[in-house]
Structure formats: C-alpha cells, structure tokens
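Asker: Here is what each chain is made of, one letter per residue.
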Amino acid sequence: MNCDEVRGHLELLELDLLEDPERSEVETHLAGGCAVCREALERARELNAAVMTIVPAATPSPRLRRRVLQTLAGPTALRANWWSWAGYALAASLAAVTLWQGVRYAQQEQRLQQSLAALEQSGIARQELQQTIQFLRDPVTQVVSSGGGPGGVYYLNPKRGVLLIADNLQPLDPSRTYQMWVIPKGRDPRPAGLFRPRRDGSAIHRFQTWLDLSETAAIAVSVEPSSGSQAPTSTPFLLAKVGS
Amino acid sequence: MRRKEHGAAADLYDTYSRLVFSVVLRIVQSRETAEDLVQEVFLRVWNRADQFDPARGGLSAWILTVARNLSIDYTRSAAGKARLVETSLPDRETFEATGFFTDPLQIDRARRVRAALDALEERQRQVILLAYFEGLSQTEMATRLGQPLGTVKTWTRSALQTLREQLAEVAA
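As you go down the protein sequences, you meet chains A and B in turn.
Counted the way the working numbering counts, the first sequence spans residues 1 to 244.
Counted the way the working numbering counts, the second sequence spans residues 1001 to 1172.
Note that these hints are calculated values from the structure, not bench results.
Cβ atoms here follow ideal geometry from the backbone N, Cα and C, with glycine treated the same way.
A portion of the hints provided could be inaccurate.
Simulated restraints, written as ranges between beta carbons of each label pair [unchecked claim]:
#1 A:158 x B:1168: 22 to 30 Å
#2 B:1154 x A:158: 19 to 27 Å
#3 B:1069 x A:176: 43 to 51 Å
#4 B:1148 x A:70: 47 to 55 Å
#5 B:1151 x A:212: 49 to 57 Å
#6 A:231 x B:1069: 51 to 59 Å
#7 A:212 x B:1148: 58 to 66 Å
#8 A:159 x B:1151: 35 to 43 Å
#9 B:1076 x A:56: 17 to 25 Å
#10 B:1140 x A:61: 32 to 40 Å
#11 A:30 x B:1151: 23 to 31 Å
#12 A:140 x B:1050: 34 to 42 Å
If you want a taste of the chain B side facing chain A, the calculated C-beta under 10 Å gives, among others [what the hints assert, rightly or not]:
#13 1008
#14 1013
#15 1025
#16 1034
#17 1038
#18 1063
#19 1070
#20 1114
#21 1137
#22 1138
#23 1145
#24 1156
#25 1163
The following block holds chain A by itself, in its conformation from the complex (with noise of 0.2 Å):
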C-alpha cells in the first residue's frame, strides 16, 4: 500500500473502524516510520475531531461540575475566586486560538497549556492579563513561531502589537535581561520591550505597538544589559520570521 492509499484510511484507524485486510497493511506502513503519513495522521485526528462538533450543543447539569471536580482533585478544585475565573477565561482563549491555529499549530497546544499554568501562578496585573486575553481573543491576531531552542510562539497584531509566550528560557544574572526586538524587512531591528522570565523559565511580554505586518521581517528576542539596548549586543534567539 503506497503512502496515499494510507491517506485515505486514517480517519477510520483512528476512530479504530479500519478492517483486515486495509488495517494491518495501514499499521505496517505506519509502523515502517513514514513520516509523512504520520503527518497526515494528526490531521485525521483533526478532521476527526472537527466532525464531532457538528452535534448540537447541549449543557451538562451544574451537579455534573461538582461531581467531576470532587473525583479528579477533591474540594478544594471547587473554590471559586477571580484567579479561577480568569484562568478560565485565558484557557477559554488559548483554546480559541487553538483551534483557530488548527492542524498547522496543533503542536503549540501543549506549550499553551503551559503557558496558562504559568500565567495562573504569576499573579500578573488584572488589567494585564485583561489586554492579554483581549489580544488573543482578537480574529485579526496572528500567530508565528520560532524553531529550536527554547520554545516561543508571538502573536502578532496590527493595533495590538507583539505578544510572545515563552517557556524553557535560562535565569539571568541581575545584570541582564531579555529584549525584545521588531525586525522590519531591510532595516534595523527596533527594540520591543525588556522582560525577565520567571522561575520555571516561562514568560509573557507583551509590547503595544502599531505593527504593519508587510513590512515586518521577524521578531527575536536577545539578551541586554539591565538598562536594555538600541540594537542587539548578543546573537538573537527566538527567531521567528513572519510571514513564513
């Protein structure tokens, strides 16, 4: 079975409907390491997901909430605060975007979730993480992200500017810190804000700014002296080019 004869059986080996003799010719072939036609299995698994949501909505009893918390984390999962409330809400947008992402960004989700955990413990400004929901709720938003090392994903917003969520970045020394930088196409990188991660290594800037994305090359992040940097003094990292 050649790779497109696969294609055309995955949605049904993942929703486990495949038959003999289709189905171990299909796990053979997966099994040999075909790159390819385990890329296309995650977007079986996506498209698969996205049928299930043409069913009509309906609303689980209230009862149902308690009960679920109570088995997966005990009482205290049901104490209500703002914090809950706004993690909700966050989770609510990354999962928006998530999906918007679709198959092309399925694997950011985690590095979202993540991010969600991080934000429910930083005890960021109320009002800060309000414009950080807005700015990803927001449809003309857009998302790159960078490859290798420590992982970042920007989004990017004409009015809004440039929000990056990043894991995994090193401590600094006092004396340094993170800079953000706006890359325009043939031009100087223009400074995009300082920041410091927290102590699992996660971070979020945002940098308000006017962004006109076809004039816009990449964006990168670099370490700066405290005081920060008209132009980078070290090699930028977290390089994501836009457009790409």
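Put chain B on the given structure of chain A with help from the hints.
Answerer: The following block gives chain B in isolation, referenced to the frame of chain A:
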C-alpha cells in the same frame, strides 16, 4: 494539567465539558448516561495526562477521541443497544443558535464543517454519521444499509476525501 495543579481540573472541565457532553449525548442519547460517561472521560484524561502527546494532535482532539471511544463502547454494551438511535444531523437553525464557539474564526470553521457535511450526497453523509456517532465498521454499515461492502467503502472514501479538502481550506 500534568502537574495536577490547583485550578487545572476546573479549567479543564470548564473549557471542554460542554463540547464533551454534547458529543457523548449525541452518541448515547441519554442525559443520565451521558453525565456518567462525561465523568469517566475527565477522570481518564486526568489520570492519563502524561500520555497526552501534543505531537499526535491537539488536546481537544485527544479529549474528544477519549469521549467518543467511551461512548461507542457503551453503545456496544447490552445497555447501550437498547437506546434510541438518532441518525440525522442537527437542523441548521439549532446548530447555528447553539454552537459551542464565541470566537468568529471558530464559528466559521464549525460552519464550514457543517456546510461540507450538508454538501455530501445523502448516502455519503449517512456513512459518516454511522462511522462517527454509531461506531459502525464498513462491514457493519453494509449490513445495516443492505449494500455491498465495496459500495459502502466507495461512499466512505469519497465522503472523507471531501471533508479533508474542506478542512484543508480552513487550515490553509
């Protein structure tokens, strides 16, 4: 979620419970049974969080897979076989009015999926619903529909190809 942090359980439930409940209810056709199964879904997801592999698809896809599998297992049990089966799509007005999403892009995506299903030929749509919400294999579908197995395979293959193309447009 993997670290079982305070608040993570509530966030998980509040984000996904309505969607999970709706999918489970669509399959098992009983609110009481659906609530029992939803509880089992979240317990399974929670206890197996370390098995979630983002490289194999998003969190929502994983949770929905767990929900569907548990629900189909139930329908194959003796108790499940006695349920009343719903084999049609929700009507468009209901779908539009009670969708899960508030984000315009998500709504657009859901509408495209719905439109793609509406655009299928009736027999193609029927095999998709039987596969996703009844958990029938193609052999079982052939028996249910009184059609040759080869015919059912052709309907299924062409329906899935159409859906793939529609969703590829959304993702592009």
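Asker: Indicate, hint by hint, whether the structure satisfies it.
Answerer: Tested hints:
1. A:158 x B:1168: 22 to 30 Å: Because 27 Å falls inside the window, the suggested range holds.
2. B:1154 x A:158: 19 to 27 Å: violated, 47 Å
3. B:1069 x A:176: 43 to 51 Å: Holds, at about 50 Å.
4. B:1148 x A:70: 47 to 55 Å: At 51 Å between Cβs, range holds.
5. B:1151 x A:212: 49 to 57 Å: Since residue 1151 (chain B) and residue 212 (chain A) have Cβ atoms about 55 Å apart, the given range 49 to 57 Å holds.
6. A:231 x B:1069: 51 to 59 Å: holds, 55 Å
7. A:212 x B:1148: 58 to 66 Å: 59 Å Cβ-Cβ, so the 58 to 66 Å window holds.
8. A:159 x B:1151: 35 to 43 Å: violated, 54 Å
9. B:1076 x A:56: 17 to 25 Å: The hint (17 to 25 Å, Cβ to Cβ) holds, given that residue 1076 (chain B) and residue 56 (chain A) are roughly 23 Å apart.
10. B:1140 x A:61: 32 to 40 Å: holds, 33 Å
11. A:30 x B:1151: 23 to 31 Å: Holds: the Cβ-Cβ distance is about 27 Å, inside 23 to 31 Å.
12. A:140 x B:1050: 34 to 42 Å: holds, 36 Å
13. 1008: holds, 7 Å
14. 1013: holds, 5 Å
15. 1025: holds, 5 Å
16. 1034: Residue 1034 (chain B) check passes; min Cβ-Cβ to chain A is 8 Å, inside 10 Å.
17. 1038: holds, 6 Å
18. 1063: Result: holds, 9 Å to nearest chain A Cβ.
19. 1070: violated, 12 Å
20. 1114: Constraint on residue 1114 (chain B) satisfied, holds at 5 Å.
21. 1137: holds, 5 Å
22. 1138: Nearest chain A Cβ about 7 Å off; hint holds.
23. 1145: violated, 15 Å
24. 1156: The hint holds - residue 1156 (chain B) has a Cβ within 10 Å of chain A, the shortest such distance being about 7 Å.
25. 1163: Hint on residue 1163 (chain B): holds, closest Cβ of chain A at ~6 Å, below 10 Å.
The structure fails to meet hints 2, 8, 19 and 23 from the earlier list, while all remaining hints are met.
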